[in-house]
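Turn these sequences into a full structure, and let the hints guide you.
Protein sequence lines correspond, in order, to chains A and B.
With the working numbering applied, the first sequence covers 4 to 193.
With the working numbering applied, the second sequence covers 4 to 193.
Hint data in this document are derived by calculation from the structure and do not stem from the laboratory.
Take the hints with a grain of salt, since some may be wrong.
Which copy is meant is left open, because identical chains are indistinguishable; a pair holds if it fits in one copy or across any two.
[To be verified] In the DSSO-like style, the derived pairs of lysine-lysine whose C-alpha atoms are separated by at most 27 Å in a straight line are:
#1 142 to 158
#2 138 to 182
#3 168 to 64
#4 168 to 6
Number of protein chains: 2
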Amino acid sequence: MPKLKKTARRHAIRKEIESNPFVTDYELSTQFEVSIQTIRLDRTHLEIPELRKRIQQVAEKNYDRIRSIEGSEIIGDVIDVSPNEHATSIIHVNEESVFTRNQIARGHVLFAQANSLCVALIHQPIVLTQSSEVKFIHKVRLNETVRAEARTINKSDQYYTIEVKSYVREDLVFLGTFKMYYTSEDEQNG
Amino acid sequence: MPKLKKTARRHAIRKEIESNPFVTDYELSTQFEVSIQTIRLDRTHLEIPELRKRIQQVAEKNYDRIRSIEGSEIIGDVIDVSPNEHATSIIHVNEESVFTRNQIARGHVLFAQANSLCVALIHQPIVLTQSSEVKFIHKVRLNETVRAEARTINKSDQYYTIEVKSYVREDLVFLGTFKMYYTSEDEQNG
Numbered sequence: 004m005p006k007l008k009k010t011a012r013r014h015a016i017r018k019e020i021e022s023n024p025f026v027t028d029y030e031l032s033t034q035f036e037v038s039i040q041t042i043r044l045d046r047t048h049l050e051i052p053e054l055r056k057r058i059q060q061v062a063e064k065n066y067d068r069i070r071s072i073e074g075s076e077i078i079g080d081v082i083d084v085s086p087n088e089h090a091t092s093i094i095h096v097n098e099e100s101v102f103t104r105n106q107i108a109r110g111h112v113l114f115a116q117a118n119s120l121c122v123a124l125i126h127q128p129i130v131l132t133q134s135s136e137v138k139f140i141h142k143v144r145l146n147e148t149v150r151a152e153a154r155t156i157n158k159s160d161q162y163y164t165i166e167v168k169s170y171v172r173e174d175l176v177f178l179g180t181f182k183m184y185y186t187s188e189d190e191q192n193g
Numbered sequence: 004m005p006k007l008k009k010t011a012r013r014h015a016i017r018k019e020i021e022s023n024p025f026v027t028d029y030e031l032s033t034q035f036e037v038s039i040q041t042i043r044l045d046r047t048h049l050e051i052p053e054l055r056k057r058i059q060q061v062a063e064k065n066y067d068r069i070r071s072i073e074g075s076e077i078i079g080d081v082i083d084v085s086p087n088e089h090a091t092s093i094i095h096v097n098e099e100s101v102f103t104r105n106q107i108a109r110g111h112v113l114f115a116q117a118n119s120l121c122v123a124l125i126h127q128p129i130v131l132t133q134s135s136e137v138k139f140i141h142k143v144r145l146n147e148t149v150r151a152e153a154r155t156i157n158k159s160d161q162y163y164t165i166e167v168k169s170y171v172r173e174d175l176v177f178l179g180t181f182k183m184y185y186t187s188e189d190e191q192n193g
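Set out below in structure tokens:
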């Protein structure tokens, strides 16, 4: 494909982001054979916000469909949720999420993303974690983006069993099974 | 035992805190049959800081004995550590650690306390979590104090297996097994 002229490229970028809202500036720059700076200028011209903001906009729409937890209490941005069936969230691994000395993401950060996604997935007023088995398969490093995909694999009267697979790009980095207790009635404290 | 006069009581409180630095003001007030306010005044007179500060003072001493993680990166205060053998930490469950709607501690907070205690316990430059099985046995509520006790149950060339039991008072609230990878050599990133 010959390199596009500016107007044609901007048109193509808009279409690309519409069909894949989570495409990065880097991926666009490779696809259209221009610099990341050019992509940023194109987005500014098109009034399309940066990736982080696009993710948050999608996440905020999803919060209306989540019953068991406040949106602000979820670790990560929920970019997709089908109540009681499956859900996906994204976190960006920042300085606070890694060990200072080796810049590797801390285990509990991946656990927290997966666990809160399980809570968000279940459309019940009270959801609590009963037990969990997790495997940390690949190291996750500073500035990487982790996409957690949760899906229900079993449901009983009191429990959902949910499998979570987390990826950096296409690499599986974390695998977890969460047994989640739920009740449709508000419980008394104490 | 007859109720003590002020001077005798203060003397006894000092001895009690020396032998049990983690006794609460509430426990002292019950033991000496005076109000919590009186215990606070007694401590002020004796120049003994509040419990939270006493825990932090002990924790800071322990950080010298921890090799795999910065003291500030540990979730909780480490009040006891025998490198490669056992360790104990304490967290106070505050507003940030609970679900807003039911004031129950979030699972990943207990997981983070246990997991970072496992890292702290192992006296090696690089320690990473390989896998983990956890059970959330009792609900933990706002303002409760959780004491996590970790001990090594197996050690091989590359892995430690560590069991963590976490308690609120004498009640077991969390049980976890963590398989921890370690290496004595610094790894390259990338």
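Tested hints:
1. 142 to 158: Between copies only: 22 Å across chains, 31 Å inside a chain, cut-off 27 Å.
2. 138 to 182: Both: 15 Å inside a copy, 9 Å across copies.
3. 168 to 64: within (23 Å within a copy, 39 Å between copies)
4. 168 to 6: For residue 168 and residue 6, neither the intra-copy (37 Å) nor the inter-copy (61 Å) Cα distance is at most 27 Å.
Hint compliance for this structure: hint 4 is the single one not met.
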